[in-house]
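There are 2 protein chains.
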Amino acid sequence: MIDMINFEALFKVTYGLYIVCSGDEDRGNGFISNTVFQVTSEPAKFAACCNKNNFTSELIEKHGHFSVSVLHQKTDSKIYGSFGYKSGKDFNKLEGMNVKYGITRTPIILDDSIAYLECKVVHKFDVGTHLLFIGELIDAQLLDETNEPITYSYYRQIKKGIAPKNAPTYIDKSKLETNTAPIKSGKYKCTVCGHIYDENKEGVRFADLPDNWKCPVCGADKEDFIEV
Amino acid sequence: MIDMINFEALFKVTYGLYIVCSGDEDRGNGFISNTVFQVTSEPAKFAACCNKNNFTSELIEKHGHFSVSVLHQKTDSKIYGSFGYKSGKDFNKLEGMNVKYGITRTPIILDDSIAYLECKVVHKFDVGTHLLFIGELIDAQLLDETNEPITYSYYRQIKKGIAPKNAPTYIDKSKLETNTAPIKSGKYKCTVCGHIYDENKEGVRFADLPDNWKCPVCGADKEDFIEV
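Which chain is which? The protein sequence lines are C and S, in order.
First residue of the first sequence? That's 1 in my numbering, and the numbers climb one at a time after it.
First residue of the second sequence? That's 229 in my numbering, and the numbers climb one at a time after it.
By construction, these hints were calculated from the structure, which means they are not laboratory data.
Just so you know, not all the hints are guaranteed correct.
What the hints assert, rightly or not - Straight-line alpha carbon distances no greater than 27 angstroms define the calculated DSSO-like cross-link-like pairs of lysine-lysine that follow:
1) C:159 x C:78
2) C:124 x S:450
3) S:417 x C:52
4) C:62 x C:159
5) C:120 x S:393
6) S:450 x S:417
7) C:160 x C:187
8) C:100 x S:403
9) S:348 x C:52
10) C:100 x C:78
11) S:352 x C:165
12) S:280 x C:120
13) S:302 x C:120
14) S:352 x C:62
15) S:302 x C:159
16) S:328 x C:120
17) S:348 x C:175
18) C:175 x S:393
19) C:124 x S:328
20) C:124 x S:280
21) S:388 x S:306
22) C:86 x C:184
23) S:290 x C:124
24) C:74 x S:387
25) C:124 x S:417
26) S:387 x C:165
The task is simple: from the sequences and hints, build the whole structure.
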C-alpha cells in the first residue's frame, strides 16, 4: 500500500525570504519571494521563481533584469503586507521605500535588507504557473552584518506567516493532516494573509481590539478576520 | 564609481542541505545538494540543480526521476564526506546506507533524514555548468519530527564545511575579501573539503593526532591537510 503524500514534509525544505524587484525609475515593482537560489558558480547565476500573474514578472520580461534584497529576521511586518499580499498593478509599492537604482537601473529595496544581488536575465524557463528567470550576477553588496537572514521556516513558525496563493510553496490547508479547525479557540484568522490572532497568547480579546486595528502581517482590516 | 561585487553577500542567501539520489536497485547514486526548491504548487513541482559532471545527473537523465532526503543538523560528518566530496563513479555510495526504493524505484536515503520527496522529471533546463531538473512530486513523507533541517549557513558557520567545486554555490576563496591566511595559527586545512582543524579549539596539536586520523567531514587522510 502506498501512503498518501504528506504535504507537511514540504515544510522541511529550507528557503530564505527576499524582495525581488524589477523595472526602472519610472515604474518599478517587487514581491516577496522565497525561491531565489544560485544555479552556477562560474559565472555566478541566480534563479528567481515568479508567478506568471505577478506584475514583477511582466517587468522582468520587459527590462531583462532583477534585484534580490535579502530580508532579515526583524523585518517590519508591513513589508510582508505590502510586498507579499498586494499587487503592484494597483499602487506603487516602492513609494516611501528606501530604493537604490542599480547598474541596470533596476530598483533595489534597501529597507530591512542585509544584502542585495543584481542580475541580468540570461534564460527564462516556463515551469507551469511560474517562470524561472535565470540571471547572471552583475552586482552584490552587503548592507548589514549584524542581522541574520530570515528563513521561511522562521517566518512560518515565529512570525506565523503563510505563503500567499501566488507563491510556489503555497499549500492549500485542506492538504495538511493537521487541518482540524478548533472551535471557540479564541483564534481569529486574517482572510488576506492567513495570520492567526490568538487571544490566549496576545492577552487581549479580539473583540476588544480597536476598530482601526490592522493585521500585523499584511495590514488588512479587523473585519477581514474570521473566527477559526 | 561602481563597487566591486562583494561575494560575501552571496552567503546571505538561505539554503537547506539534501541528498539528491537517482538510479534503481542495480545502480544508484546520490550527492549533497543545497539547491532544491519548490517551483510551483499546482501541481507541486521541485527543482534540483545538478552539475553536469555529477554521476547522479547521468542517472536522473537515464531514469527520469530523483529523490530528495532532507538532512538534519546532527547529520553524521561521514555523510557529507561520502555524498559531498566523492564521486559515485568510483564506488557505490549507497552500500551500507539505509535505503528505501520509492514508487519509481529511485533510491531514497533514510539515514539522518527528517523527510523525503520523490519526483518524476518533467523538464530539464541547461543553465551552463549545471542542469536544472524539474520534477513533479509523486511522494513526500516525514521521517523525524524532532530534529531541525540543517541550513547551509549552519553547515558553513557551525560545522565549518565549505561547498565542493561542483556545487552551484562554490566560491573561489580568492574572491572573498576576508581571504587573509593566518601564519602559524595552529590551523590545518583539509585540501579535499576545506575543513579547518583548529588546535586552539580542539585542544590537541595536529602533530599529535594519530596517523590513521581522518578528516571528520570528508574522511580524507591526515596527510591531506596543510597548515594555513
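Right, here's what the structure says about each hint:
1. C:159 x C:78: Given that 27 angstroms is the threshold and the Cα spacing comes to 12 angstroms, the pair holds.
2. C:124 x S:450: violated, 46 angstroms
3. S:417 x C:52: violated, 46 angstroms
4. C:62 x C:159: Answer violated: residue 62 of chain C to residue 159 of chain C is near 34 angstroms, above 27 angstroms.
5. C:120 x S:393: Holds: residue 120 of chain C and residue 393 of chain S sit about 24 angstroms apart, inside 27 angstroms.
6. S:450 x S:417: holds, 10 angstroms
7. C:160 x C:187: holds, 13 angstroms
8. C:100 x S:403: holds, 25 angstroms
9. S:348 x C:52: Given pair residue 348 of chain S, residue 52 of chain C holds - Cα atoms ~23 angstroms apart, limit 27 angstroms.
10. C:100 x C:78: Cα-Cα ~19 angstroms, so holds.
11. S:352 x C:165: With a Cα-Cα distance of about 26 angstroms, the restraint between residue 352 of chain S and residue 165 of chain C holds, given a limit of 27 angstroms.
12. S:280 x C:120: With a Cα-Cα distance of about 23 angstroms, the restraint between residue 280 of chain S and residue 120 of chain C holds, given a limit of 27 angstroms.
13. S:302 x C:120: violated, 38 angstroms
14. S:352 x C:62: Measuring from Cα to Cα gives roughly 25 angstroms; hence the hint holds.
15. S:302 x C:159: holds, 25 angstroms
16. S:328 x C:120: violated, 42 angstroms
17. S:348 x C:175: holds, 20 angstroms
18. C:175 x S:393: Violated: residue 175 of chain C and residue 393 of chain S sit about 39 angstroms apart, past 27 angstroms.
19. C:124 x S:328: violated, 35 angstroms
20. C:124 x S:280: With a Cα-Cα distance of about 19 angstroms, the restraint between residue 124 of chain C and residue 280 of chain S holds, given a limit of 27 angstroms.
21. S:388 x S:306: Distance of about 14 angstroms is within 27 angstroms: holds.
22. C:86 x C:184: Violated. Residue 86 of chain C to residue 184 of chain C sits at ~30 angstroms, over the 27 angstroms cutoff.
23. S:290 x C:124: holds, 25 angstroms
24. C:74 x S:387: holds, 25 angstroms
25. C:124 x S:417: violated, 40 angstroms
26. S:387 x C:165: At roughly 36 angstroms apart (the allowed maximum being 27 angstroms), residue 165 of chain C and residue 387 of chain S break the hint.
Violated hints, in rising order: 2, 3, 4, 13, 16, 18, 19, 22, 25 and 26; the structure is consistent with all others.
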